[in-house]
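**Q** Here the protein sequences come in this chain order: P and B. Take any residue in the first sequence, note its place counting from 1, add 10, and you have its number in the numbering used here. Take any residue in the second sequence, note its place counting from 1, add 21, and you have its number in the numbering used here.
If you're looking for bench data, these hints aren't it; they were derived computationally from the structure.
Taking lysine to any residue and the SDA-like style, the derived pairs with C-alpha atoms no more than 20 Å apart in a straight line are:
{"#": "1", "chain 1": "P", "residue 1": "K410", "chain 2": "B", "residue 2": "E324"}
{"#": "2", "chain 1": "P", "residue 1": "K256", "chain 2": "P", "residue 2": "G461"}
{"#": "3", "chain 1": "P", "residue 1": "K410", "chain 2": "B", "residue 2": "S325"}
{"#": "4", "chain 1": "P", "residue 1": "K177", "chain 2": "B", "residue 2": "H83"}
{"#": "5", "chain 1": "P", "residue 1": "K410", "chain 2": "B", "residue 2": "G273"}
{"#": "6", "chain 1": "B", "residue 1": "K150", "chain 2": "P", "residue 2": "G324"}
{"#": "7", "chain 1": "P", "residue 1": "K410", "chain 2": "B", "residue 2": "S265"}
{"#": "8", "chain 1": "P", "residue 1": "K108", "chain 2": "B", "residue 2": "V267"}
{"#": "9", "chain 1": "B", "residue 1": "K92", "chain 2": "P", "residue 2": "D173"}
{"#": "10", "chain 1": "P", "residue 1": "K225", "chain 2": "P", "residue 2": "E180"}
{"#": "11", "chain 1": "B", "residue 1": "K124", "chain 2": "P", "residue 2": "T149"}
Some chain P residues close to chain B (C-beta under 7 Å, calculated; not the full set):
{"#": "12", "residue": "D35"}
{"#": "13", "residue": "V37"}
{"#": "14", "residue": "T38"}
{"#": "15", "residue": "E41"}
{"#": "16", "residue": "F65"}
{"#": "17", "residue": "G67"}
{"#": "18", "residue": "I73"}
{"#": "19", "residue": "D76"}
{"#": "20", "residue": "R78"}
{"#": "21", "residue": "D79"}
{"#": "22", "residue": "C88"}
{"#": "23", "residue": "P154"}
{"#": "24", "residue": "R155"}
{"#": "25", "residue": "L179"}
{"#": "26", "residue": "E209"}
{"#": "27", "residue": "P320"}
Restraint-style ranges between C-beta atoms, simulated for each label pair:
{"#": "28", "chain 1": "B", "residue 1": "E148", "chain 2": "P", "residue 2": "K323", "range": "22 to 30 Å"}
{"#": "29", "chain 1": "P", "residue 1": "W221", "chain 2": "B", "residue 2": "S325", "range": "32 to 40 Å"}
{"#": "30", "chain 1": "P", "residue 1": "P26", "chain 2": "B", "residue 2": "E148", "range": "25 to 33 Å"}
{"#": "31", "chain 1": "P", "residue 1": "G362", "chain 2": "B", "residue 2": "K122", "range": "54 to 62 Å"}
{"#": "32", "chain 1": "P", "residue 1": "A405", "chain 2": "B", "residue 2": "N263", "range": "17 to 25 Å"}
{"#": "33", "chain 1": "P", "residue 1": "S312", "chain 2": "B", "residue 2": "D318", "range": "30 to 38 Å"}
{"#": "34", "chain 1": "B", "residue 1": "K271", "chain 2": "P", "residue 2": "S271", "range": "29 to 37 Å"}
{"#": "35", "chain 1": "B", "residue 1": "D236", "chain 2": "P", "residue 2": "K322", "range": "38 to 46 Å"}
{"#": "36", "chain 1": "P", "residue 1": "S312", "chain 2": "B", "residue 2": "G231", "range": "52 to 60 Å"}
{"#": "37", "chain 1": "P", "residue 1": "Q359", "chain 2": "B", "residue 2": "Q59", "range": "50 to 58 Å"}
{"#": "38", "chain 1": "B", "residue 1": "D261", "chain 2": "P", "residue 2": "S213", "range": "24 to 32 Å"}
The C-beta atom is built at its ideal place from N, Cα and C for all residues, glycine as well.
Spelled out, the chains give:
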Amino acid sequence: MAGCAPKQAPAAAVAPGKKIKIAVDPVTRIEGHLKIEVEVKDGKVVDAHCFGGMFRGFENILIGRDPRDASQLTQRICGVCPTAHATASVRALDEAFKVKLTTNGRIARNLILGANYLQSHILHFYHLAALDYVKGPDTAPFVPRYKNPDLRLDPKVNQIGVDQYLKALEIRRICHEMVALLGGKMPHVQGMVVGGVTEIPTSDKIVAYLWRFKKVKEFIENDYLPLIYKLASVYAELLETGIGWKNVLCYGVFPLNDEESEFLLKPGVYTDGQDYPLDTSQIKEYVRYSWFDDADTALHPSQGKTNPRPGKKGAYSFIKAPRYNGKPHEVGPLARMWITNPELSPIAQKAGFKRMRDFGDKAFSILGRHVARAEEAYLVAKAIEKWLMEIKPGAETYVKSSVPKQGEGLGLTEAPRGSLLHYININDAVIKNYQVVAATIWNASPRDDMGQRGAIEQALIGVPVPDPKNPVNVGRLIRAFDP
Amino acid sequence: MTLKRRDFVKLCTSTVAGLGISQLFNPVLVRAMEQAVQRTPVLWIQGQGCTGCSVSLLNTVHPSIKEVLLKIISLEYHPTVMAAEGELALEHMYEVANKYKGKFFLVVEGAIPKAANGKYCIVGELEGKEITMLELSKELGQKAAATLAIGACACFNAGIPGAEGNVTQATSVKGIFDENKITTPVVNIPGCPPHPDWMVGTIAHVLLYGLPELDENLRPKLFFGLNIHDNCPYRSYYEDENLSPVFTQKQGCRYDLGCKGPMTNADCWKRHWNNGVNWCIENAICIGCVEPGFPDDMSPFYESM
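Build the full structure now, drawing on both the sequences and the hints.
**A** Listed below in structure tokens is the structure:
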């Protein structure tokens, strides 16, 4: 029960120098099906494998369909971030249909995607990740929990965490109402189409959005951010573990002008300690360790193929292994905040962290990723405030276009959980090829043809597992990526 | 373990509901509440899906999701929300399924792939052996009091995972049950995703009055009994042959834009979505997501029928 001092069960004894394997399957409190297997030696992870256990075949189901169906169908890849898939899809279609958005259309899309960013980050922290740090009530679905759950908050702070968990249920619902005001409904929006947005915002809808937004912003400032920094002080060593490859990638999201020369979160790549401009021709997907045909490896998404081979020898996942310039990269809030390096919230400023990179290596940690996510929620909220001033009631949000006989489009955006690419090739006015490289494909990928671990696999190396029967930090690390 | 109606009313109006959140978690109160009204155990499993149905359930307003979780059902297994993970979670699920055999409710979200021995959807591992969605849905299906098939993927032709071009032989709950002679009653609550009221309303109906009256597609008539086009507020535009030529032209029927309201039976036209702020046809078009033919018979979405 919330309120009791945490009792530590004695750790199971493992002989020094001895390697043991621990499998967690299912990894719960994520979106989808994931299994993790780690090897632990002397209380630390020394190797890790990340298994994606589900395949639906969206890319094959799309072939031969009307290209406009793609934005409706691909949203259904993820019920937590459908707006991001809709955005990537309509951006690919915009390019293929050669249509340019109106200013109001661009801003309306930002308001739809932005509201769901807030929803997704709040849902992720409170309803997926928080139970790794906050002890829930002693009733299902909060029990059973690990016998030795390493929950360290004092009763008062823990109670604040539980109260915020419940309040966040309401706040995230309000975020969805914001999405639905402009997008029709949520999950799965009707409002995102090639050429813009289907509904011109009226003053009453803008105001309805605004009043809801005020509540959400207050929650981010007064509840979410302070609790994250509180956790970072109580679980301080979780700012020191989970570094991973320290390579990150961002396609850019929330265009700030119609030319798309400025984004709220900028495109860029950070590899081996150096910043580079984004060059999408450097993206290739490898399948040697994935349950796909070996012939289809090392392909750019524009050449991408999806031929599943369940049970393929040596492979262990339905997730492909995308690499940038042949190297694994992490995507998500930390990647975006690292590349853009924006000014942080007043709470962070007060503690001496003016910008994201002021955290240094601490940013590349279990809790560093939560800090980046919460700070990004704050940044997006500030931007939404501006967009609400910019959007014009009654001004056109949609530009009509028709399905081209031939065409090609690359739709880049950022889902709350990371870089998202959709590619469409149209022939005879139907879809000839459609490829999706989703955020979690980057983060939860298996090894590539060169044998390099995926982002989560690498970040698990060195993570402390003092008690193999209660591998709490393994789940914490995985959830920090919001897979 | 059907809740008595009197208990339910008591539950909804009890003083516990008036207390603050912090007090709600007082162990004595929780125990007292559980003794007064035993929450019904629910096991919620996920196959080939997107978790959108679960996310939609979170959007329930009256009752709030907090009330659903803490007062109405006992959500003993749900991969997206439960605290436990790995073997701890699976062992608990089997324990509840055996202890409450014939009494718990099974909710299935997502399709069940049959190809490759079910290996297109692996849901967990126990003692080194992987468990497929195919095995799990059969095993729990036999033991459940009733099964709610939630969302397009779990109903009819298995929604998008079951659409033309799929290689996984994605199958609905009813399909799997029929092939394996599992006689546990199935209620389909389709939609991509379903409205939270359809899910909560069906659960409440089952607890208070037993299984609701179903149409020939096993959908509760209460929610899926009327045609959208026949009841659409834009119907008079259709009668006047005033059809919107573009999405943002709202003074017209959306027929020419591809609206599938005429082929679709659901109460979206009066219920509206997300606390009533909007709905598909007000915003754009209906794509017929509650119908057995979704998505193939509704595609192309943006062409009129």
